[in-house]
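If you read the sequences in order, they're chains A and B.
According to my numbering, the first sequence is numbered sequentially starting from 1.
According to my numbering, the second sequence is numbered sequentially starting from 1.
If you are wondering where the hints come from, they were derived from the structure by calculation, not from laboratory data.
These figures come from a predicted structure and were not determined experimentally.
Hints should not be assumed to be uniformly reliable.
Where chains are identical, the list cannot tell them apart; a pair therefore holds if satisfied intra-copy or between any two copies.
Unchecked claim - DSBU-like mimics (lysine-lysine), calculated; alpha carbons at most 35 Å apart, straight line: (1) 35 to 203; (2) 168 to 429; (3) 333 to 429; (4) 35 to 147; (5) 269 to 35; (6) 22 to 211; (7) 89 to 203; (8) 431 to 269; (9) 432 to 287; (10) 200 to 171; (11) 211 to 287.
Protein chains: 2
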Amino acid sequence: MADSGRVKEYEGYLAKGYEPDKDDLVCEYYLEPAKGITFEGACQRIASESSIGTWTDIGTMPQEMFDRLSPKVFSLDKKSGIVKIAYPKELFEEGNVAQIMSSVAGNVFGMSDVTNLKLLDIDFPADFIRHYHGPHYGIEGIRKLMKVYHRPLVGTIVKPKLGLDEEKHAKVAYEAWMGGCDIVKDDENLSSMGFNNFDKRVKLTLNAKRKAEKETGEKKAYLPNVTAPYNEMARRARHVVANGGEFIMVDVLTVGWSGLQSLRDLNLKAAFHGHRAGHAAFTRNPKHGISMLVIAKLCRLIGIDQLHVGGIVGKMYEGKEEVTAVGEEIESKVVSEDFARHRLQENWHSLKPMLAVCSGGLHPAKVQPLVHAMGRDIIIQAGGGIHGHPQGTIAGARAMRQAVDAEMLGVEAKDYAKSHFELAAALKKWKK
Amino acid sequence: MADSGRVKEYEGYLAKGYEPDKDDLVCEYYLEPAKGITFEGACQRIASESSIGTWTDIGTMPQEMFDRLSPKVFSLDKKSGIVKIAYPKELFEEGNVAQIMSSVAGNVFGMSDVTNLKLLDIDFPADFIRHYHGPHYGIEGIRKLMKVYHRPLVGTIVKPKLGLDEEKHAKVAYEAWMGGCDIVKDDENLSSMGFNNFDKRVKLTLNAKRKAEKETGEKKAYLPNVTAPYNEMARRARHVVANGGEFIMVDVLTVGWSGLQSLRDLNLKAAFHGHRAGHAAFTRNPKHGISMLVIAKLCRLIGIDQLHVGGIVGKMYEGKEEVTAVGEEIESKVVSEDFARHRLQENWHSLKPMLAVCSGGLHPAKVQPLVHAMGRDIIIQAGGGIHGHPQGTIAGARAMRQAVDAEMLGVEAKDYAKSHFELAAALKKWKK
């Protein structure tokens, strides 16, 4: 096509004061321009590269197309580095998370025009929200399934994360359930190993679960990690359900968006537990990458029922501000904009809330600060903080349930420990 | 399980002088410990968290298991921050990329014990290499398919990346082929849109390809972007092949490892083109995240035939050192360790080499420096640098082929331009 009325690159994207409507997809970024590039210029380059433009003017884009499809940089603040861009929804394939991410979280991070760029949040158009399934169970469904309505659920990870054979795995799980855990899960790097076959592990551990349910009178859950190439992952997920499993665990990020969406869309009769292994490779730097908030929102859209969001007080780096912002986002129906925590508004319409899983370096002494920060609608998940108990796994699970009971009764853990020796031993080993 | 002979956490992983054998998976990391943590301590915490350990000692791990499965920190240098860890291959499910990444590129990035951590390279055990398919076509297969044996292939992306309908898309592609492009591809954010349906686009553009082949006598290729949820992606890929397409394009990172592996394993009669949209969210920071080298190696393992590796001289941030290290890795049979560029050794055994795609802000004036850096076994891919030509797409494609011809003849582009007016016009618009 020859040159006629061509659009000048990097111009025409500024629209200060524009008010996004319900059909826009809005992104909030933190941006530092490269040396020699103005803030306004860099904002427009991001808007261009994430939508319809490239680095030079081209003869194949008429003005009419630009007017119809170009995103609008409607808010930008050089001092804070915050820029907000509204994209017409036509730029996206609504049910295709990978395509959305290839657009607004794709080439833009590598452009030499910026030194740092972080995608902080995405506010999805109402149409998109309605298009996705969202969680099948959600908080209410999980609580109903587990018959635990008022307290945080107590979970553990079988530890060591790798090394146990199928029988020992089932035995550790059984002990954790007998001690009081509601939930036992595989760890993120346990799939089907030479020393621990997936199918056999699932069979034996689900048998142990049924035994523990019978003996304790409590509902128990086992979350096998199905992470694998898609076809094998789908087979493993079906195998879990066929063996009576009600939960499926998946490493959402290393599996990736395409596999995750199709896995959810199998519509299996099971709740999905999402582990976020690998997220901090791009969420941790406050100036560059993608926020955990965005990852969590995509998981809720797709339909993960419960997702790791951080432990606040544990072995991971994230603080209270960051984790509670994510926790509120995934558990609320309507989320209001929060300037301080860089969270946009969102109306989740009919999509169910997703349960927050707090994990990573937790133990009984951390229950109180965790519940104070995150509320009761959480899974408190401890691996080392249970199996590392001086008296072993059963005592470790007891100690954790006792810590949760104390918090529900409004009693300090150290006081409750006077009449609960497992809790006392835990508090002696792990101070805070 | 009760306490007996428990392994003390974060100790026992140091093995200075250990020589990894062919059954080890070796990782090289850059590491900065958090305040108050020693370098040796942080190295061991990374080794622990990425394998069998957790943050506290646990009663469920006997010494025998630790001795058998614990990784070895065999090289560490506090000054440079470089640490190398050898993992027994039993820690991994050999054909499961997501599991491997959940281990060595999982929780470790988020640990509060480190301030920064970057996975620089993975040297895979010989067994793993043999277990994967690798590229179906590879460099030789692609050259044979395209009947272009000695020069770089010339590719373009239909631009604007979003906005054209199916007919206009096919028309721009046709003009690019007629002008001299070997390859025309969709862009990373074009999938199936309201204004441009995937199936219809593929049909019309493949028709245009056949027309261009007939009229030019040259072999041409169209690379439709199948990026979508897995099941739909597989359907689209099959649709391409059913309509006579010989190439399939996919956004490797936003699709994710599980979907990518199963897509490759469909064993379609088509070559895979990998776009790396989103990589710089975690590859760009030299101190934290995952290197592009690791991503490229995983793509070669899985079986991508040609992969974006950067343009060196274009609109993206990466420099020559980084891009050539990746280029050599994916195109060689045996790779030797390179301390300066943080590349481990690798023997690719029977896995075919993967063709390097150079893209991002390229135009005719950049052909010479690019070929000097990367050699002839590349695809030189230009979007704006072709469609942005003052005389339009056909002239833009001609100018790019002329620039490649000049370089192959050993003639300076500015001299060749004296008798080639399209090249002259391009060099006038884009200086360097």
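We went through each hint and held it up to the structure:
Proximity of residue 35 and residue 203 under a CA criterion of 35 Å is satisfied in neither setting, with 59 Å inside one chain copy and 45 Å between copies. Within a single copy, residue 168 and residue 429 get their C-alpha atoms as close as 25 Å, which meets the 35 Å cut-off; across copies the closest is 69 Å, which misses it. Proximity of residue 333 and residue 429 under a CA criterion of 35 Å is satisfied in neither setting, with 40 Å inside one chain copy and 53 Å between copies. Taking identical chains as interchangeable, the C-alpha atoms of residue 35 and residue 147 are never at most 35 Å apart, the minima being 58 Å within one chain and 44 Å between chains.
Taking the shortest Cα distances, residue 269 and residue 35 never come within 35 Å of each other, neither inside one copy (54 Å) nor across copies (47 Å). Taking identical chains as interchangeable, the C-alpha atoms of residue 22 and residue 211 are never at most 35 Å apart, the minima being 51 Å within one chain and 43 Å between chains. In this assembly of identical chains, the alpha carbons of residue 89 and residue 203 lie at most 35 Å apart only when taken from different copies (25 Å versus 45 Å within one copy). In this assembly of identical chains, residue 431 and residue 269 lie within 35 Å of each other by CA distance neither inside one copy nor across copies; the values are 41 Å within and 61 Å between.
Proximity of residue 432 to residue 287 under the C-alpha cut-off of 35 Å is found in both arrangements, the shortest distances being 30 Å within a copy and 31 Å between copies. Only within a single protomer do residue 200 and residue 171 lie at most 35 Å apart by alpha-carbon distance; the minimum there is 13 Å, versus 56 Å between protomers. When the C-alpha separation of residue 211 and residue 287 is checked against a cutoff of 35 Å, the pair qualifies neither within a copy, at 50 Å, nor between copies, at 49 Å.
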